[in-house]
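*Asks:* Sequence:
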Amino acid sequence: MSEESQKAHSSMTSSLRKQREELIVERKSLISELKIYDSAFKSAVASCPPKESGNLEDLEERIETVEEELEVGSRDAKEERALKRDLLKLKQSYDRVMQYIAASREIDIIRNRRSEKSKRVDELSKKLDELAETVEIEETLSRIESSSGKKLSKSDISKEEVKVPKESIGRLVGKNGSNIQKLEKQFSVRIMTNEEVFTVLGELANVKRCIAELTDMANEKEVTIPLSTMQIRALLAHDHSYRRSIENSCRVFMTLKDAEVTIRGGQNAVKNAERALNDLMKSTGTSPSHADP
1 MSEESQKAHS SMTSSLRKQR EELIVERKSL ISELKIYDSA FKSAVASCPP KESGNLEDLE
61 ERIETVEEEL EVGSRDAKEE RALKRDLLKL KQSYDRVMQY IAASREIDII RNRRSEKSKR
121 VDELSKKLDE LAETVEIEET LSRIESSSGK KLSKSDISKE EVKVPKESIG RLVGKNGSNI
181 QKLEKQFSVR IMTNEEVFTV LGELANVKRC IAELTDMANE KEVTIPLSTM QIRALLAHDH
241 SYRRSIENSC RVFMTLKDAE VTIRGGQNAV KNAERALNDL MKSTGTSPSH ADP
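According to UniProt numbering, the sequence shown is numbered sequentially starting from 1.
Calculated lysine-lysine pairs in the DSBU-like style (CA-CA distance at most 30 Å, straight line):
no.	residue 1	residue 2
1	221	159
2	159	271
3	257	221
4	117	18
5	166	182
6	208	151
7	175	185
8	154	126
9	18	126
10	163	150
11	28	127
12	42	119
13	208	154
14	271	166
15	221	175
16	117	51
17	126	151
18	150	185
19	119	18
20	154	7
21	159	185
22	126	159
23	91	78
24	163	271
25	18	150
26	18	151
27	257	282
28	175	208
29	282	221
30	159	18
31	117	42
32	117	28
33	154	127
34	208	221
35	28	159
36	182	154
Here are the in silico distance ranges between beta carbons for each label pair:
no.	residue 1	residue 2	range
37	134	219	28 to 36 Å
38	193	19	18 to 26 Å
39	34	86	46 to 54 Å
40	48	154	47 to 55 Å
Hints listed in this document are in silico derivations from the structure and should not be mistaken for laboratory results.
Think of the CB as a built atom: it goes at the ideal place given N, C-alpha and C, for glycine as much as any other residue.
From just these sequences and the hints, can you work out the full model?
*Replies:* So this is what it looks like as structure tokens:
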């Protein structure tokens, strides 16, 4: 990758990451506000009085009629006391209706404000997802160009995921990510891991080949092969260099115990390791009894 191209990728990625950070801060602030609105909404609903029957205009008219009747004063004390009780009840009912209306308005205000904040959070979340994907693609373009010298465009990049068994993750990733790095270089792709989900980005054909390789590696197989003393010495010669070479090139684990070697890895990987072991042993004049020809 040229220095100019590297700077362009770096500048673009840096700018995108800065945008994401700013949006993350805004979303975090809005989520805190939403919690406050949630609390206020629950409190407003809890304190809202029950809905009173009747409406304000009707109550106002009835209050006015009773007040006019009391002003006339042409009735006995008993009737007047009854009218005053009616007036008091009407005014109390009027007050409860007013309280209910005020509480309902407050609830509506809180609900609308919360809805606005929630809508903005959704917009930010969508934007953050889009930016994250753009960063992924930009970093993929940079990594592929750096490793293979191939300059691709965004439209060239495909993305696929594969879920692997939890117990296979360590073997797939390798020590310090060594297997991931080898696969990335072999297939000119970028691989990201999130627990059991492996995400592969690159040109479609390369992505599918890499997914197939990961799937094979995830389907673990174990084969035990008896070895003669001469074969064991050959495998362990040069400070185990032959053994490590087979493990690294075939992406398998090999365990020696007594007069046997156990090969563990993906189905195709184990077959390739058996072939490599057989090729090695040809120099001794004897091949492992279970190796493929």
